[in-house]
Structure formats: C-alpha cells, structure tokens
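Q: Sequence:
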Amino acid sequence: MARKYWLMKCELEACSFEELKHDRPNSTGKWRGVRNYQARNFIRDEIKEGDWVLFYQSNCDTPGVPGLAQIVREGYPDPSAFDEKNHYYDPKSSPEKVQWYSVDVKWKRKFKNYVSLREMKGTPELADMRVVQRFQRLSIQPVTREHFEIVCSMGGIKVKA
DNA sequence: GCCAACGTTGGC
DNA sequence: GCCAACGTTGGC
Numbered sequence: 001m002a003r004k005y006w007l008m009k010c011e012l013e014a015c016s017f018e019e020l021k022h023d024r025p026n027s028t029g030k031w032r033g034v035r036n037y038q039a040r041n042f043i044r045d046e047i048k049e050g051d052w053v054l055f056y057q058s059n060c061d062t063p064g065v066p067g068l069a070q071i072v073r074e075g076y077p078d079p080s081a082f083d084e085k086n087h088y089y090d091p092k093s094s095p096e097k098v099q100w101y102s103v104d105v106k107w108k109r110k111f112k113n114y115v116s117l118r119e120m121k122g123t124p125e126l127a128d129m130r131v132v133q134r135f136q137r138l139s140i141q142p143v144t145r146e147h148f149e150i151v152c153s154m155g156g157i158k159v160k161a
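For what it's worth, the working numbering labels the leading residue of the first sequence as 1, then goes sequentially.
These are computed hints drawn from the structure, not numbers from a lab. Treat each hint with caution, since some may be false.
[Stated by the list, open to error] Only pairs whose alpha carbons sit at most 25 angstroms apart, straight line, appear in this in silico DSS-like list of lysine-lysine: (1) 21 with 160; (2) 48 with 30; (3) 92 with 160; (4) 30 with 110; (5) 106 with 21; (6) 85 with 4; (7) 4 with 92; (8) 30 with 121; (9) 160 with 9; (10) 160 with 4.
From just these sequences and the hints, can you work out the full model?
A: Set out below in structure tokens:
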C-alpha cells in the first residue's frame, strides 16, 4: 500500500508542534476529539501507519505548517467519547458501537522555515490544495504527494517519500 | 471579536 | 424528510 499524505489541524492551544516534540511521551500525540464524520472516515478507513502528516496549527496569529509528523498508530476507538467527564463525551458512542476514532502521530521533523497559510495561498501550484480554499474547515484533509512535496520544499527540507 | 460557511439538531 | 435555528470552525 502506497504511503499517503495528510494535513491535520491542531489548535495551537491544544498542542503546538514544539509541545508534541518535547512534552509528549515519545514525542507522540494522541489525536482525540474528532467529531466530524468526514474526518472520522479518514481516520477509521484510510489513514495508515507510516503516512506522512503536515502538522497544521490553526487558531493562532500565523496559521501554518511548522513541520512533519507521521502516523504511528492507525484508527482505534476514541476513548474520550466514552468518558462522561470528558469534553468530547458522546453518549451515542460506546465500546460496543464505536462512533469516533483516534490516531496517534509522532513528531518527525521541523521545517527550516515555517510555512504559513498566507504563503501557501500565494503559491499558484497549491491553488487546489484544500487548506487554502476559503472556509475549508475539515480538520483532517488528504494531501496529494505533489502538494506535500511542494510544502516541504517551501519549508526548506527534502523528504525521501 | 466578527462573521461566513457549513454541519447538526429537532420540530413539524 | 424538510428546513430553520443553532453551534462550531477558523481566518482575518
């Protein structure tokens, strides 16, 4: 199975790229609380171990991609949905009838240059990338290999894909 | 803090 | 099953 590429949004407040590297065990973050069906389907069905992730920081002064992560654990039931005290609790989900899924991502590589959304919007080759479309809210987006490589080169690194 | 878009909910 | 109301996302 060919390796795939994704863009995953994370609110800066929830976990920055630096926090992922330094503050999480083994530099690995557990992606919890996705409550959108399209994003859920990607997590459950399509995202595979070894896939590359453009780690995207949203809801901050300069939204953009600081670097790369990689999928280290494929879709598994999101435990936050089962926990009544959790903000993401969903009574419609249970271990018997799982609604929502998690993946784990590991910090991989920081770009030499931060690639801001603004720069991506200004790059004609990225015009059909989802993240640059107006009002594109989907928090997990498939990325083509071509777009992935362009973003990496904007970030000043070369990735052997 | 504003506000457009869009997903979800719930009354009918 | 329609659709209005409401909530959330997220750039600006």
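Q: Take the hints in turn and mark each one as holding or not.
A: Structure-based check of each hint:
1. For the hint linking residue 21 to residue 160, the alpha-carbon distance of about 21 angstroms falls within 25 angstroms, and the restraint holds.
2. Among the hinted pairs, residue 48 with residue 30 is consistent with the structure: their alpha-carbon atoms are about 15 angstroms apart, no more than 25 angstroms.
3. At most 25 angstroms may separate the alpha-carbon atoms for a hinted pair to count; residue 92 and residue 160 exceed this at roughly 42 angstroms.
4. Between residue 30 and residue 110 the CA atoms are separated by roughly 19 angstroms; this keeps the pair inside 25 angstroms, and the hint holds.
5. This hinted pair checks out: residue 106 and residue 21 have alpha carbons roughly 8 angstroms apart, not beyond 25 angstroms.
6. Pair hint residue 85 plus residue 4 does not hold up; C-alpha atoms about 35 angstroms apart against a cutoff of 25 angstroms.
7. At most 25 angstroms may separate the alpha-carbon atoms for a hinted pair to count; residue 4 and residue 92 exceed this at roughly 31 angstroms.
8. Proximity of residue 30 to residue 121 is assessed by CA-CA distance (about 29 angstroms); at most 25 angstroms being required, the pair is judged violated.
9. Among the hinted pairs, residue 160 with residue 9 is consistent with the structure: their alpha-carbon atoms are about 23 angstroms apart, no more than 25 angstroms.
10. Restraint check for residue 160 and residue 4: the C-alpha separation of about 13 angstroms stays at or below 25 angstroms, so the hint holds.
Violated hints for the displayed structure, listed by number in ascending order: 3, 6, 7 and 8.
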